[in-house]
Structure formats: C-alpha cells, structure tokens
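K.L.:
Turn these sequences into a full structure, and let the hints steer you where they fit.
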Amino acid sequence: ETGVTQTPRHLVMGMTNKKSLKCEQHLGHNAMYWYKQSAKKPLELMFVYSLEERVENNSVPSRFSPECPNSSHLFLHLHTLQPEDSALYLCASSPLQGAWGYTFGSGTRLTVV
Amino acid sequence: AQSVTQPDIHITVSEGASLELRCNYSYGATPYLFWYVQSPGQGLQLLLKYFSGDTLVQGIKGFEAEFKRSQSSFNLRKPSVHWSDAAEYFCAVEEDSSYKLIFGSGTRLLVRP
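Residue numbers (our numbering), protein chains in the order written: chain A, -8 to 104; chain B, 11 to 123.
Don't read these hints as lab results, they were simulated from the structure. Treat each hint with caution, since some may be false.
No more than 20 Å apart at the CA atoms, straight line, and that leaves these computed lysine to any residue pairs for SDA-like [claimed, not checked]: (1) A:K32 x B:S13; (2) B:K78 x B:L58; (3) A:K13 x A:L79; (4) B:K71 x B:S94; (5) B:K110 x A:P86; (6) A:K31 x B:V121; (7) B:K59 x B:S115; (8) A:K27 x B:K110; (9) A:K32 x B:G51; (10) A:K31 x B:G51; (11) A:K31 x B:S49; (12) B:K78 x B:R32; (13) A:K31 x A:P74; (14) B:K110 x A:S62; (15) A:K27 x A:D76; (16) A:K9 x A:V51; (17) B:K110 x A:V46; (18) B:K110 x A:L36; (19) A:K27 x B:Q52; (20) A:K31 x B:T117; (21) B:K110 x A:E44.
Far from chain A by the CB rule (all over 12 Å, computed), these chain B residues [said to hold, decoys possible]: (22) S36; (23) Q81; (24) S83; (25) N85; (26) A96.
As the structure is a prediction and not an experimental result, all values here were calculated from the model. Don't be surprised by glycine CBs; every beta carbon is placed ideally from N, CA and C.
P.N.:
Pasting the structure below:
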C-alpha cells in the first residue's frame, strides 16, 4: 500500500465504451498527476492538478477527460478510445512544496479492444 | 529547461555483482534529485532522494546514490545485486525548484542467476 490507491487495477474496454479510472490519496497532498506508460516508451505526463485546478495538459486528446473534485480524488474519464491508448495509467500525488517527490499508485492496466 | 538523461536503456548484471546506473541532469542550480524503481506492472517506488547536505545518500533496499556537481551526475549504486532487484529504474529532477518532476527514460535492469 503506497498511500495512493488506483482502481480498477485492470480494465478492458471496447472503443465505444465509456469508463473512468479513479485515484485516491489521503496523504494530505495538494498536487495530483496522471501519467501514461506504454511499452518501450518513456513516462508521459498527461495532466497536473494543483489545489484541484488543472495546471497542465500536455496535448492530450479530448477522449481523455480528467476531473479533480477535491484534493484527495482524481478521475480520468475515458470515451471512444483507440487501441493505441492501451497502456498502464499511473496516478501520483505530491505536496506543493519542493523536495518531497511523488507518491505513485500501482496503476491501472488498460486494454482497448 | 531541465532535462534528465539515463544513457543505458538496458543493463544486465550477475546476481551478487555490483551495480551502477547512470543519471545525468542539466540544471543551473543545485537540483533536487530522485531515484525510483518500478517492478513490472506496478507503480514507481521512491528509492532515495537528494536535496542538500551529504552528497552520498542512502536509500531503501541497500541502494545508494552520489551527487557529483562537477559531473552533473547522480548515479545509483548497489554493492551486491539480488535477483529481486530486476526492475526498471528512473532518475528524476525537480523542475525549477517547484514540486514537479522531470523523469529520465529509465534503465531496465536484468539480473543473471
């Protein structure tokens, strides 16, 4: 248990489905992140939330829609995905002060069929 | 802009041998530096971090890293590798003394029996 919990751990969805990934932390952190990790590719930062406000969106397609209703929860809503979106999606959180680094969840393994 | 380079994509060592994983960064001031480990299908776990003081930092699982300002390096070491150390290792630098991290592309460690 890392302090950041992601659900579900595995998800298989069709290209026409709508699903959501959930991330939860009770570490008192005020920044939360979504990363995509594909096979043989570097970590790709998707979104950054600071105090529940989106502060970074790295050219992510609109079929990915993040939501941060409070500082403890982060969602990634998925719709009309493509097979190339299959990947490990990692959530992380951190304090807003520097020098602490991130705490990562265990990830959601997404397969789009 | 800051960047992190991990020049080795793969490294193979024999069990019981020593290990050094390389990390170079570009940053003008003294950076905050981190090493993370990721087992297959899992999230990233913090091994150790450096932000001031002694340039040799100790981490979990018997790892250590040394900050060398003159070489802009933060190499990770372990005196004797165990089979369970087989994983991917990521070096990261904190961006502009903010809370956001920049990750290297990772080094995959394989351990020979």
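K.L.:
All hints, please: hold or fail.
P.N.:
So, going through the hints one by one against the coordinates:
1. A:K32 x B:S13: holds (17 Å)
2. B:K78 x B:L58: holds (15 Å)
3. A:K13 x A:L79: Since the Cα atoms of A:K13 and A:L79 sit roughly 13 Å apart, the hinted pair holds (cutoff 20 Å).
4. B:K71 x B:S94: holds (10 Å)
5. B:K110 x A:P86: holds (10 Å)
6. A:K31 x B:V121: holds (19 Å)
7. B:K59 x B:S115: Roughly 18 Å between the alpha carbons, so the hint for B:K59 and B:S115 holds.
8. A:K27 x B:K110: holds (16 Å)
9. A:K32 x B:G51: Holds, at about 14 Å.
10. A:K31 x B:G51: With Cα atoms ~13 Å apart, A:K31 and B:G51 stay inside 20 Å; holds.
11. A:K31 x B:S49: With a Cα-Cα distance of about 14 Å, the restraint between A:K31 and B:S49 holds, given a limit of 20 Å.
12. B:K78 x B:R32: Between B:K78 and B:R32 the Cα gap is close to 12 Å, so the pair holds against 20 Å.
13. A:K31 x A:P74: holds (16 Å)
14. B:K110 x A:S62: Cα-Cα ~17 Å, so holds.
15. A:K27 x A:D76: holds (9 Å)
16. A:K9 x A:V51: holds (17 Å)
17. B:K110 x A:V46: At roughly 11 Å apart (the allowed maximum being 20 Å), A:V46 and B:K110 satisfy the hint.
18. B:K110 x A:L36: This hinted pair holds, its Cα atoms lying about 11 Å apart.
19. A:K27 x B:Q52: Measuring from Cα to Cα gives roughly 13 Å; hence the hint holds.
20. A:K31 x B:T117: Measuring from Cα to Cα gives roughly 11 Å; hence the hint holds.
21. B:K110 x A:E44: OK: B:K110 and A:E44 at ~15 Å, within 20 Å.
22. S36: holds (16 Å)
23. Q81: Label holds. Min Cβ-Cβ 22 Å, cutoff 12 Å.
24. S83: holds (19 Å)
25. N85: holds (18 Å)
26. A96: holds (17 Å)
No hint from the list above goes unmet by this structure.
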